[in-house]
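A.B. asks: Here's the letter readout for the chains.
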Amino acid sequence: MDFPILTAILLAPLAGLLVILTIPAREELLIKITAALATGVGLVLSIIAYVGYDKAAGGMQFTEYYPWVEKFGIAYSVGVDGMSLPMVLLTAIVIFTGVFASWDMHYRTKEFFCFLLLLVTGVFGVFIARDLFFFYFFFEVAVVPMYVLIGVWGSTRKEYAAMKLTLYLLVGSAFALVGIIWMYLYAKAKLGFATFDIATLGTVAYDVSFQIPVFFLMLIGFGVLVPMWPMHLWSPDGHVAAPTAVSMLHAGVLMKLGAYGLIRAGVFFFPEGAKYWAPLIAVLCIVNVVYGAMVAMVQRDLKFVIGYSSVSHMGYVLLGIASLNLFGIDGAVAQMFAHGIMTALFFALVGNVYHKAHTREIGVLTGLAHQMPKVAVGFMIGGLASLGLPGLNNFVAEFLIFIGSFTKDQVLFGFLHFRVLSVLAIFGVVITAIYVLRVIQRTFMGPRDPRWDHLSDAKGVELVPIVVLCFTLILFGMVPSLLIDVINVGVEPLIAKVNAAAEIGGIF
Amino acid sequence: MIENAWLIPVLPAVAFVVIVFLIRQFKMLSALTAIAAMAVSFIISVGIVWEIIQGGATMKKPVEYFVNWLDLPGLNIQAGILIDPLAAAMLFVVTFVALLVMIYSVGYMHGDPGFSVFFSYLSLFSASMLGLVVANNYFQMFFFWELVGLCSYLLIGYYFHKPSAVQANKKAFITNRWGDFGFMLGIFFLFLVFGTFNFGELAKAIPKYDNVAFLTLAGILVFIGPIAKSAQFPLHVWLPDAMEGPTPVSALIHAATMVAAGVYLVARGFVLFHSVETVALVVAWVGGLSALIAATIALVQDDCKRIMAFSTMSQLGYMLMALGVGSLTAGMFHLTTHAFFKALMFLAAGSVIHATHKQNIFEMGGLRKSMPITTWTTVIGALALAGIFPLAGFWSKDEILVAAYTEGAYALFGLASLVAFMTAFYMFRMVFVVFWGDEPEGQHAHESPLTMTIPLIILAFFSIFSGFIGSPLVETGFFSYVYYKYPHPPEPNYMIMISSTVLALAGIGLAWLIYGKKSISAEALKQRFQPIHTLLYNKFYIDELYLWLFDKVMLNISTAFNWNDRHIVDGIFDGIGDLTRAAGARLRFIHTGSLQNYALVIFAAVVIIMLWMAVPALGGI
Chain A
1 MDFPILTAIL LAPLAGLLVI LTIPAREELL IKITAALATG VGLVLSIIAY VGYDKAAGGM
61 QFTEYYPWVE KFGIAYSVGV DGMSLPMVLL TAIVIFTGVF ASWDMHYRTK EFFCFLLLLV
121 TGVFGVFIAR DLFFFYFFFE VAVVPMYVLI GVWGSTRKEY AAMKLTLYLL VGSAFALVGI
181 IWMYLYAKAK LGFATFDIAT LGTVAYDVSF QIPVFFLMLI GFGVLVPMWP MHLWSPDGHV
241 AAPTAVSMLH AGVLMKLGAY GLIRAGVFFF PEGAKYWAPL IAVLCIVNVV YGAMVAMVQR
301 DLKFVIGYSS VSHMGYVLLG IASLNLFGID GAVAQMFAHG IMTALFFALV GNVYHKAHTR
361 EIGVLTGLAH QMPKVAVGFM IGGLASLGLP GLNNFVAEFL IFIGSFTKDQ VLFGFLHFRV
421 LSVLAIFGVV ITAIYVLRVI QRTFMGPRDP RWDHLSDAKG VELVPIVVLC FTLILFGMVP
481 SLLIDVINVG VEPLIAKVNA AAEIGGIF
Chain B
509 MIENAWLIPV LPAVAFVVIV FLIRQFKMLS ALTAIAAMAV SFIISVGIVW EIIQGGATMK
569 KPVEYFVNWL DLPGLNIQAG ILIDPLAAAM LFVVTFVALL VMIYSVGYMH GDPGFSVFFS
629 YLSLFSASML GLVVANNYFQ MFFFWELVGL CSYLLIGYYF HKPSAVQANK KAFITNRWGD
689 FGFMLGIFFL FLVFGTFNFG ELAKAIPKYD NVAFLTLAGI LVFIGPIAKS AQFPLHVWLP
749 DAMEGPTPVS ALIHAATMVA AGVYLVARGF VLFHSVETVA LVVAWVGGLS ALIAATIALV
809 QDDCKRIMAF STMSQLGYML MALGVGSLTA GMFHLTTHAF FKALMFLAAG SVIHATHKQN
869 IFEMGGLRKS MPITTWTTVI GALALAGIFP LAGFWSKDEI LVAAYTEGAY ALFGLASLVA
929 FMTAFYMFRM VFVVFWGDEP EGQHAHESPL TMTIPLIILA FFSIFSGFIG SPLVETGFFS
989 YVYYKYPHPP EPNYMIMISS TVLALAGIGL AWLIYGKKSI SAEALKQRFQ PIHTLLYNKF
1049 YIDELYLWLF DKVMLNISTA FNWNDRHIVD GIFDGIGDLT RAAGARLRFI HTGSLQNYAL
1109 VIFAAVVIIM LWMAVPALGG I
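Protein sequence lines correspond, in order, to chains A and B. Quick note: the first sequence uses this note's numbering, first residue 1, plus one each step. Quick note: the second sequence uses this note's numbering, first residue 509, plus one each step.
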């Protein structure tokens, strides 16, 4: 039997957690090194899996299957395809760099890293699960440590933000749970046996009248996590309150769980339902993109700017999904990856500045490029990625989403062409440029401010996140086929299924 | 050589990487690396031009090769090389000017702490610009279009400790974003209908397509890109401010090459812009009006670099006008000669700034004695720009005027002639004020070092002689290679030649009377036409209008959105939370904690359930 690489990726952080439990709390450095090793192993294994994935064969690979509760059709079943593999890689990169970004953590270090590793185990689990039960289970495993991490190690209104985030996510996942159980029962009746296997559930022909309400449940459940307007407010508040590594994971990966879930448990099972609700998603996502970017423009706290920029950028992901065509969903998955890397970079840098300057206020922090040139360069690269500069990862993703949405022929409300929405979304790149450059100008440029002369530039381990994340942005930006070809292998069967589905009119 | 064309953009890119990651500490080595890479690119470009003269590639039979950059079903994006005379001319201009500017910068940037970084940026810019020039499809064009924009941003803000510089580079980037927005939409429309970005395939498909409304839309959208990049009205506001960058940058990027990319794009996509009358008309009039607006503003400015920035805008307007009226040859010819004399003017201005540390022309004077080389090369550049026989500008400007005249665009012809007069006036206004007149006190100017003056002399040589290659004096010239559909050898139109020369001389003469001989008082004129002067001096208040739109409209809407998010949306969701909590608070009274109460409730429940179960058994209901 082959080496169970996915289980190894899943267990690497868990093993690290167990080792850390045995280390005395005062051995902070040892704890950090253990966490770095555990996540480093995860990263190496993810890269091996990514490189080893056979694009010609396609489909689910590195599969493992162990029946668990056969009566209910629950099995430990994992595997990755072109959509989930980039997400696994993303998670591995973000957590690995996140550990280094938390190197300055000195408060209850042991517990912090334990929860962090638990959280990331859950995230890995979601992306590799081929069984809906485990999919949901890991999903919840990822949400709960978040509450503790923000509530204990956070800043600005941390209790409020932690509670807000947890309630939003739990209420959302309750909707998804209802949808999943409903579907499970329906499929059981149709199939004649119980199963949580995603592939098998995908073969069931669901009635349109069933698909429409269940897709809506999924849309609410996973849409909260994306976050789709107007259910987005947990995210800026959560970002601001969370400690650096948690912000990185939270914006970098957790939001992607929502979009991934929406594709995997929404569009895949219910293509007709997706067609019905796509216009709603499209309209709301334009609010995400334009409104989110404009709100980002008037923020004073650096983390709020990034928080709202995430709202805006995840709007592009939703637009790609709403397009329901190859380019759109290819672009959506690529954007999930690209945004994850970019936003993790932002939070690592802001965390670095905040840790040293004890403020994140734009206008108070000025001319930092004099004292922190490396941080400034990193921020510049992140900012350029954010505004969609060619040569960086986000550009390709956004370009595909734009092509996908632009080539879609659909009319909403009887007069509003889908293309108009696409144009509005493309206009988002102008607004994004405004707020990104505004932040760079005010925070990093301008005359030297002697107040910040005591700040030291990023050095040593602090450079790990900056270098790794910038490298990733540039690599996949210059050679996008490394990423897009893999994604496309996963998306093509999905689109084939969507195209085979009955043409039903959208809600609008 | 043509098969090695891919090296032209790659070499400077390699230089960039090497400088940034390996040899940043060694200043001279960094500069030498950048210059060496550029020199090789230049030699290859010369080789390509040579092969084209031999007939290696023509406009009808270009040499094209590519690799797939991204290949999805239904979407093929190529990274390609397209070499035809049009590209070759541009390659020559860019590598030549870039090389000279780099050599010049060794002297100009001497002692600057960011010396190596400066050269790495110049290399990155050259790589991007050359990548744009050899692009074989709209996507690649857009890709590098944005990258040259980035380099422009980085270099305008090179002195990032200056608030005005970082304000200017932000403005440049954002203004160009509007252009990119239009450009991107345009190529999406093209993709939507034709399913390709490739220039050659589009050139075949567009003439067969007959939906005029669609082609008009696509053409105008794509043209928004050049409007921003080539600083045309109404997206020109960034170029004057871009002069905050070091002067070699202004010469290379904001005069000779990057701003000309817009003109180049129109030439490259000529089929699209000439498929519909309306689009061609828009191109011509945007160019013509920009030429006029810029020239009028330049009349009254007092910063030497800004005067030349408006001059650049005006000359780019000329080129677009030529393309708009249908003469690809005239537009590209003027682009080529303009690159030489405008780069010369900027580098000369840099030499002056280097010597005096001033930019306001009225704070300088009499530099003729202390800086002879700079003075005479500037005069050559100004004469070329003013279009005096037989310098380069005379021939190329003449071709544009002839093109407008023969195409029957008399209004544009008149407008262009007026601009020619104004151009001669404002250029020599500057020359007379800076180099003639009295030296102000405390001015200790001296001639610049050789690394700076040699590029000036070389460019002066080209400013004099480059015009002949496209003049009616030669049998085979620029026009035999760079053309649309078939070659159009220029026919000498003596009426136009004489009229334009008279206008130019009149402009120079007027400038001499006011600023040289001072027989007409500039101050009195200014008093007399105060409102017009104020309007022009403030650039028609267009900047102020944009600023108002942003501050008062955009920011207020954003603030309102923010308030809505924080109060309405958040309020509703928090309200749901509060409601739940309030309900919980009410229900809490049931949980009294008293065992007796619980027992009572349980007992009551049991009784009710038993009754309910008992009802059927009792035969009721």
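These are calculated hints, taken from the structure and not from any lab test. A few of these clues could be false.
[Unchecked claim] List time: in silico DSS-like cross-link candidates among lysine-lysine, alpha-carbon distance up to 25 Å:
#1 B:Lys535 to A:Lys374
#2 A:Lys374 to A:Lys497
#3 A:Lys374 to B:Lys670
#4 A:Lys459 to B:Lys535
A.B. asks: Now look at each hint and say whether the structure bears it out.
C.D. replies: Verification of the hints:
1. Under the criterion of a C-alpha separation no larger than 25 Å, the hint pairing Lys535 of chain B with Lys374 of chain A is consistent with the structure, at around 20 Å.
2. Distance restraint check for Lys374 of chain A and Lys497 of chain A: the Cα-Cα separation of roughly 47 Å exceeds the 25 Å cut-off, and the hinted pair is therefore not satisfied.
3. At roughly 20 Å between alpha-carbon atoms, Lys374 of chain A and Lys670 of chain B fall within 25 Å of each other, so this suggested pair holds.
4. As the CA atoms of Lys459 of chain A and Lys535 of chain B are separated by approximately 24 Å, the hinted pair is consistent with the 25 Å bound.
When held up to the earlier numbered hints, the structure conflicts with hint 2 and nothing else.
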